[in-house]
Amino acid sequence: MLARLQQLLAFAGLIVIAAVFAVATPTFGTYGNVVNILFSTVVIGLLALGTTFVIVTGGIDLSIGTGMALCAVMSGTFVVTWGLPWPLGALLAVLFGGLIGLVNGVSTARFGLPPFIATLATMLVAQGLALVVSESTPIYFNDSPGYLLLSTGTLIPDFPNAVLVLIAATAVAAVLLRRSVLGRYAFAMGSNEEATALSGIDVTRWKIAIYTLAGLFTGLAGVMISARLGSAQPATGAGYELQAIAAVVIGGTSLSGGRGSIVGTVIGALIISVLNNGLQLLSIPQEWQNVILGIVILIAVYADMARRRAVAVH
Amino acid sequence: MLARLQQLLAFAGLIVIAAVFAVATPTFGTYGNVVNILFSTVVIGLLALGTTFVIVTGGIDLSIGTGMALCAVMSGTFVVTWGLPWPLGALLAVLFGGLIGLVNGVSTARFGLPPFIATLATMLVAQGLALVVSESTPIYFNDSPGYLLLSTGTLIPDFPNAVLVLIAATAVAAVLLRRSVLGRYAFAMGSNEEATALSGIDVTRWKIAIYTLAGLFTGLAGVMISARLGSAQPATGAGYELQAIAAVVIGGTSLSGGRGSIVGTVIGALIISVLNNGLQLLSIPQEWQNVILGIVILIAVYADMARRRAVAVH
Amino acid sequence: DRGSGAAGDGPYVAIVSKGFQHQFWQAVKKGAEQEAAGAGATITFEGPATEKEVEAQITMLTNAIAKRPDAIGFAALDSRAAEGLLQQAKAQNIPVIAFDSGVESQVPLTTAATDNLAAAGEAAKHMSELIGGSGKVALVVHDQTSLTGQQRRDGFTGWMAANAPGVQLLPVQYGEGDQARSADITKSILGANPDVKGIYGANEGSAIGVVRGVQESGRTGVTIVGFDSGKAQLDAIRSGLMAGAITQNPVGMGAALVSAALRAIRGETLEKTIDTGYFWYDNTNIDSPEIQAVLYQ
Amino acid sequence: MTLLLEATGVRKSFPGVRALSDMHLELRHDEVLALVGENGAGKSTLMKLLTGALRPDAGTFRLDGEEFDPRRAEPLGISIIHQEFNLMPDLTVAQNVLIGREPRTLGMFIDERRLNARTGELLDRLGLPLDPRARVGDLPVARQQLVEIAKALSHEARVLIMDEPTAALNDAEVAVLHGLIRRFTGPRTGVIYISHRMEELTRVSDRITVIRDGRHIGTVETRGVELPRVISMMVGRELDLSATPVGVRDDRAPVLSVRGLATKRLLKDITFEVREGEILGIAGLMGAGRTELGRAIAGADPISAGTISVRGRPVRITSPARAAALGIGYLSEDRKRFGLLLDQSVAANIAVGSLGGPLSRAGFVDDGRVRATAQRYIDALRIKTAGVRQEARHLSGGNQQKVVIARWLARDCDLLIVDEPTRGIDVGAKEEIYQLLNELAGQGRAIVMISSELPEILRMAHRVLVLSGGRLTGELSAAEATQERIMHLATRRGV
Ligand SMILES: Nc1ncnc2c1ncn2[C@@H]1O[C@H](COP(=O)(O)OP(=O)(O)OP(=O)(O)O)[C@@H](O)[C@H]1O
Ligand SMILES: Nc1ncnc2c1ncn2[C@@H]1O[C@H](COP(=O)(O)OP(=O)(O)OP(=O)(O)O)[C@@H](O)[C@H]1O
Ligand SMILES: O[C@H]1[C@H](O)[C@@H](O)CO[C@H]1O
Ligand SMILES: [Mg+2]
Ligand SMILES: [Mg+2]
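If you read the sequences in order, they're chains A, B, C and D.
Taken in order, the first sequence gives residues 1 to 314; the numbers are from this note's numbering.
Taken in order, the second sequence gives residues 1 to 314; the numbers are from this note's numbering.
Taken in order, the third sequence gives residues 1 to 297; the numbers are from this note's numbering.
Taken in order, the fourth sequence gives residues 1 to 495; the numbers are from this note's numbering.
Note that these hints are calculated values from the structure, not bench results.
Every residue gets a Cβ at the ideal spot worked out from N, C-alpha and C, and that includes glycine.
Among the hints, erroneous ones may be present.
Claimed, not checked - Quick look at which bits of chain A chain C covers, simulated, 3 or more residues with Cβ under 8 Å:
id, stretch
1, 34–41
2, 131–139
3, 186–200
4, 215–229
5, 232–238
Claimed, not checked - Calculated Cβ distances over 12 Å to all of chain B for the following chain C residues:
id, residue
6, 20
7, 70
8, 79
9, 90
10, 138
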């Protein structure tokens, strides 16, 4: 009961921010705008979901941004260049993301490289390969309208499929992190990797599995962004990793591992996109938008910490 | 003696890379090109030096990139807009960097915010303020030729002052990290912050001091980049933080704190700029440059780890 | 309602540009503001932090439409990515004016832009003339994925291929329009090719970076041809370090954009494209009023 | 008759240290084998080799006469409680105890209800007072030790290895544990039991194996053995166990006065004084609030009421740094979490508390003096280390404890609060530490000694305070204090 209440309170920061915007501009609260906000959260949200698992183990994944771009390019290659049916192409692109994750997992878990280095290297390689594979040109999905509908189609009227995908991915991630053995071992490793290993858990294998899982989310993000933009943009992606990690950390997941939640990550991602949206709607001069964004993030996280401390004492 | 040898071996990765380039292209080894490499290391190098201290405490500083841009803009404001003598303006800009660091330190140490969040917020705020203060226009130092000589002048013939500044800053950083009480506390905090506090050390105060110190390096980097470009560019800076952190980590400093060295950081920064330079000299198509960069970093770090393990066993 | 930023009763034009990485955009903004002020209109002017953030720009466009402006100005980072949104704007009867970098879409009523292929060809022509029609020439371009990057590269290389058989082009290098990075690249080019005769920088950041790189390497006698303006580039031309550059007409582009938008709001029919023009300038004509009008600091 | 477990010809070296040379060990069926030896003798190393946590340089291992690979120890039924806990602090008790054996549904999902229920049953059966849902990181060391015990006993083990399971426990819990051990041993099983508390050996073990400097010195039947003989086998010399504190005069000035102190969680109305030259013992059961009192005085936790005066002057101690500035030092009971800088050198660990003072000049560290100071304590406390540069992580548990004690001895405090100071320390070194504490008291320093080992309190303290349920339930002078009286007060419900 109390724990329930606490969970709800975690929304508080987000709610306050949203309330302020709703008062400041009537557009903010409209159905259309709420959908816009959710829509703009999809890609960062997907990346943040996957990387939550990695961060819970105490690792980090810098490759998700450019990895996403590479997956988008691969999707373009499969669907446009090779002419595979788009559902197959999209699936292969997601699996390709898993492959990127597998490489990260092997470098970290098997060869013992620090995750920062291992995934930084992958980040650079993916950035280069995206350009190589695409020959530095965007790949357009014009002839696969079905593919584009993955993002902008509306299975539910007035509700873009991309948001449905994010919701489904969130549900899957939440169940995996909280309820599955994989999630449990992610927490265990993040908490004390040596102890986990000594408890008979094959940490190498599980860590590889976790990075691979994160990679699948990267792949899905690659599909969703290319479906949204109607093209695979080989040069984009850098910078997304920082935003995604920020969402995770704003959501209360600890970079030193062992603590975290999917709900938190989603709230973190929403805080960022609500702020971006609201400030743009208010036509705040752009240079001030970042200033406000920074300050509000600071306050929101501080308030959340204070709240948790208060809850802990009682 | 053995420890000495080991230190020297740490250069091995760098040496191997350099040797390969020297064989591949005669230009690489020329005096002029070596100076070019050093020169292009200055800004990232300065940022990496400062952030080594922060990382040794187990923290991270994302604000150094845009913070540097803000310091450059402040330098422009002091020297060009206010018309202060350029040495004073430059000094104030460095101190302004210290102020940015102080804010980070207070958010982290005093208010207990995770360093990632605290410095991410500062990163955003600095990015915005740089545009606000400069009114989104570069500030040109044309009327302060002395300022420009800070970077491109040659107190030693054929040896740009910027490189001298980097060397001096390296020496100061090395002495501070290895020999000063501040450096020792940085290691202690990074090892076990609670234990350090319980040993009677005022970790709040020392941590603030360390972030402030890192900020001074950011300020110096801001001065040096604006002196090089002849102008303060308000919109640059983002992305530098990742490169600087990468240099630190490639140099063997642990992101979880407690271990690190200035020599390592310098080697890390040099590995990156040697690779960039060499690949460009060889006219490797640019999309492949990142691919190679990523793979070489992976190998270099892996080899370094294997070497250390080998040394540890004997 | 259109959001509180759009104060006043005159028409409101929401402009989404490619960012603020280059001064170029400040000049466009200035032109747009001047034109709007004269007509009693309001504008907002936004853009992503770097010219690679296609998705961020699409989100900005989404939010701009949500503000229900009277017209939209749009410089696309990707020529097709915004099609859905443009259709949406059309459905809501919001006229769209493209500028700087056009889109492959029927929606925009017109496009106010430079003919970048031709402009780059003009740069190549001057380069070839300046180096006497033979020798090694290097290109430092802002990126390989944006339309302007590609056109300024291809316009340049295309002209050379067709007209200057004696000119040998080195592999194109990309510096993200970042001055320091472009400077480092330039120095590497000079190191690897001591006999390089000319270097072309394809936009503001690239061109200034090339100047810095040549300066720092201490090399003389390298012919530099640039693009756009900005104080550093103007200084380099005045001092003779840079042979000359192509300038677009950013202030005019901003003004043309707003004026087209206002005409569209009034229901007038617009010409399909508005060529905002480009000019070659060097230290012989840099101070002429015609050129001064299109340069920015 | 085949042995249950046998190790022969075991060798293991670490950089700069030979931890085991030609070691052997024999465990019979249905027996508790005590393994004793000085800190750094190689006990934990041997156990880690037996369970595959470390790989030997040489050696054969047999279970029921059959050679086995220790990396398969767990499935073969060899279960271990590590000296340095191997728990996941962010997980709950149940999640820790059953890790790797979670009840599942659909093959990959964890049935949390059954997980908690099963752990609850186990804890009830073992009589351990733990909540399956409690987060392990929130528990004090003693309870974490109980979690380790529960975890080890949850396996269907044949061989149970306990590496200092009682170091953090007091007599009542030790008794519970010994009961569990007796229940566990049977014709198919056996226990290896490591402890530095010599008096326990006679109570729980059947035989005692002594190791010194990585070698097997001898194995004796416990029945009828004289402890001093075992001790001299351990240390290789005679020990003087007679150090007792010199008397303290009542007219000395109070260093610390505490009046009506309370904390949010537990402590209520605590009032007492410590004088110059006095060693004040604080006794109580697990959770009585001794640690909480120490931490509150040291500024590590906030107080909710009451006043603290140092040398008669009321002070507000808001942080350990503030306490240190007032001359108060606090040695935590949890060396790993609150004491050690694991990846720093022994020298850095010893010096860290003194860098602000005598070991630096103008903000720069005087490394010559740092090394000299470290060496002094390495000698005085017989810290077994490859050198001052050795990383603390590579020391044996007892030697790590000595390092954190040395940090406070080097710092020179007016009032030193030591919380379980001899946890995991061998008999010989305990004497050295008692000696040093006595010397400090002799120099007029005040010492508060929190300990769960009553013999230690009885021997060292001039005066004993007893806590129960967060309240002071009594005060005894050295003359009045006996084991029975202290236990009586410790179990009294505070009013
Ligand atoms: N990983 C390691 N690296 C280097 N030396 C080590 C390592 N582990 C143990 N040692 C050394 O091996 C020796 C034996 O250590 P071990 O932990 O087995 O002692 P112990 O008998 O368990 O002592 P204690 O009673 O203090 O727990 C010590 O000198 C210790 O410093
Ligand atoms: N059941 C508990 N749950 C959470 N924290 C506890 C609990 N018991 C004690 N603590 C915390 O652990 C520390 C030690 O507790 P306390 O002072 O009560 O124990 P103690 O008397 O020193 O006995 P022992 O150390 O044997 O447990 C204190 O900081 C206290 O806040
Ligand atoms: O015309 C613009 C381009 O579109 C932009 O990408 C760079 O700056 C100017 O040259
Ligand atoms: Mg041991
Ligand atoms: Mg205690």
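> So which of the earlier hints does this model not fit?
Replying inline: Hints 3, 6 and 10 are the ones this structure does not satisfy, whereas the remaining hints hold.
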